[in-house]
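With chain A held as given, fit chains B, C and D onto it using these hints.
Order-wise, the sequence lines are chains A, B, C and D.
Count along the first sequence from 1, add 780, and you get the number used in our numbering.
Count along the second sequence from 1, add 780, and you get the number used in our numbering.
Count along the third sequence from 1, add 780, and you get the number used in our numbering.
Count along the fourth sequence from 1, add 780, and you get the number used in our numbering.
A portion of the hints provided could be inaccurate.
Identical chains share a label here; the pair holds if one copy fits it or two copies do between them.
[Unchecked claim] Simulated pairs of lysine-lysine, DSSO-like, Cα-Cα distance not exceeding 30 Å:
| hint | residue 1 | residue 2 |
| --- | --- | --- |
| 1 | K808 | K797 |
| 2 | K852 | K808 |
| 3 | K852 | K935 |
| 4 | K797 | K881 |
| 5 | K935 | K881 |
| 6 | K935 | K808 |
| 7 | K933 | K797 |
| 8 | K852 | K881 |
| 9 | K808 | K933 |
To be clear, the hints were calculated from the coordinates, so they are not data collected in a lab.
There are 4 protein chains.
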Amino acid sequence: MIHPIRLFITGGTFDKKYNERNGTLFFKDTHMSSMLDLGRNLVDVELRTLMMVDSLEMDDEDRQVLLNQCRKCANERIVITHGTDTMEVTARLLGESITGKTVVLTGAMIPYAFGSSDGLFNLGSALAFAQSLPEGVYIAMNGRYFTWDNVRKNKDAGVFEELG
Amino acid sequence: MIHPIRLFITGGTFDKKYNERNGTLFFKDTHMSSMLDLGRNLVDVELRTLMMVDSLEMDDEDRQVLLNQCRKCANERIVITHGTDTMEVTARLLGESITGKTVVLTGAMIPYAFGSSDGLFNLGSALAFAQSLPEGVYIAMNGRYFTWDNVRKNKDAGVFEELG
Amino acid sequence: MIHPIRLFITGGTFDKKYNERNGTLFFKDTHMSSMLDLGRNLVDVELRTLMMVDSLEMDDEDRQVLLNQCRKCANERIVITHGTDTMEVTARLLGESITGKTVVLTGAMIPYAFGSSDGLFNLGSALAFAQSLPEGVYIAMNGRYFTWDNVRKNKDAGVFEELG
Amino acid sequence: MIHPIRLFITGGTFDKKYNERNGTLFFKDTHMSSMLDLGRNLVDVELRTLMMVDSLEMDDEDRQVLLNQCRKCANERIVITHGTDTMEVTARLLGESITGKTVVLTGAMIPYAFGSSDGLFNLGSALAFAQSLPEGVYIAMNGRYFTWDNVRKNKDAGVFEELG
Chain A
781 MIHPIRLFIT GGTFDKKYNE RNGTLFFKDT HMSSMLDLGR NLVDVELRTL
831 MMVDSLEMDD EDRQVLLNQC RKCANERIVI THGTDTMEVT ARLLGESITG
881 KTVVLTGAMI PYAFGSSDGL FNLGSALAFA QSLPEGVYIA MNGRYFTWDN
931 VRKNKDAGVF EELG
Chain B
781 MIHPIRLFIT GGTFDKKYNE RNGTLFFKDT HMSSMLDLGR NLVDVELRTL
831 MMVDSLEMDD EDRQVLLNQC RKCANERIVI THGTDTMEVT ARLLGESITG
881 KTVVLTGAMI PYAFGSSDGL FNLGSALAFA QSLPEGVYIA MNGRYFTWDN
931 VRKNKDAGVF EELG
Chain C
781 MIHPIRLFIT GGTFDKKYNE RNGTLFFKDT HMSSMLDLGR NLVDVELRTL
831 MMVDSLEMDD EDRQVLLNQC RKCANERIVI THGTDTMEVT ARLLGESITG
881 KTVVLTGAMI PYAFGSSDGL FNLGSALAFA QSLPEGVYIA MNGRYFTWDN
931 VRKNKDAGVF EELG
Chain D
781 MIHPIRLFIT GGTFDKKYNE RNGTLFFKDT HMSSMLDLGR NLVDVELRTL
831 MMVDSLEMDD EDRQVLLNQC RKCANERIVI THGTDTMEVT ARLLGESITG
881 KTVVLTGAMI PYAFGSSDGL FNLGSALAFA QSLPEGVYIA MNGRYFTWDN
931 VRKNKDAGVF EELG
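Bound-form chain A, shown alone:
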């Protein structure tokens, strides 16, 4: 039996909403619960929203908060939703500092609220990898997984890939 998976929310494209008053995108509440419902998820998860930011605006202090939360929680398996633009930066920090846990970062290229998002696919894969990969820090995107020290976002193509 697998212990509950800790699910940390940090924002990112996953949770962007459309403001119909002024036509901009913004963050309010996470869509994570409705995504888990839509997926009929029965994995035992403990959900916590740590912040709700675009990852371009995530600073060192934010990352330190996230690292501390990953360290001190009792869970051995953790999934983190995160903006894709700096996901590799956060993965590196966590990868250099965390041992004894399986941590999987995931995100989305299209907001879930927009009806045709890659987010549900990524969430399904991230929860699966968190259950089945050995300890370590990973990024799960595009159906694949990457170890924290061998991944970057190819910003032109909008996809994740191994280094060099």
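Leaving out everything else, chains B, C and D in the frame of chain A:
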């Protein structure tokens, strides 16, 4: 580097369509390619449609076809989309007969064409489990995975669970 | 200022749901309120569900109920959601019997719950026609309107058209 | 028989897309054809894209282009898709200058691409009003219609209403 994953399509709720002429549900072509596109999948997959049936109508001969295909393909990792009603029957046949490969069956409770399906979540998790679980035959549903000899569909609740 | 529009629900494809336990389609509650919300409708409507049936199963008694409701309500403008298969039969009965009111029947070829329905488009047009057409009984489908005595469903093409 | 309806596209929220590279909203091609397909529209329409702009950026010259196009086209019935922020400004210009035609402006509060848009409802009502209202210039939003000289957008509520 992981070899391509073989993706066998057998039909099931995943691929049901609505016939607007007579108001019934039917099978035509698989939605698998558009699902993989929507998920921005970059896992190397080799897609093959073996049949397109409701799993209640899948017979011994159909299952034998599927078993033979799993055996003879070169791929060591296989994902099978399958109706949920008899998924455990097929998993048992495959589990008793296949060695040296990781085979993951998955399905959906709501047709993908209906806009709010669990299928994309399940597909993401199935592809992830196929990459990360050791050899064996598994069912991936509701974010979880089950070994072929310890799973059944709880038809009242519409979910998968361990035996006894 | 236009008086409230009476909105009678009778079922039809508009309101079919997918039963994920047994894979069939069924009726439960109408989606009309969520459709009006999605359309940000501000037309004053009075909603009443009269029945919830496939129009192939609507009998003479059902149609008499609908006719009586149309006659006795105080509203001069009425929209009726109705299955498309016998919409022309009901329109004929109402057209031969009702004077002094604008009555618009509408429906859908794809259930609203399936995410990509023509229903929202038809509902928008039906409410508009009910506000702007002179008294009479009409069918509003495919963006067009038809008078009750010059319309039939072309079952092969799945569209509505004038007679002869 | 009603002549073809001219359908002028000017952009607006209707046609905003999400740029998954940088997370902003932008215009590219109109979604009008797929919206008409989704609605199974059979009204004869002649589609022309005049510009593709946010209505806050529409200037006097743009409006003059639109006015000239409305005047010189042979069609007596015209639907215009338009951003909601300055829809009343354009309606006033057209209303003061056009005679002998029925012109209906419509828009959306949520981009069509976002899956749960009011756009399809508004499009259905605009096409219906264009077929059934007498000559004049109108705004069709929220299921209602307004004459050009008695309408404003209530920016706080995000809805259209009559003046004072």
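Violated hints, by number in ascending order, as checked against the structure: Checked against the structure, the hints that fail are numbers 3, 4, while the rest are satisfied.
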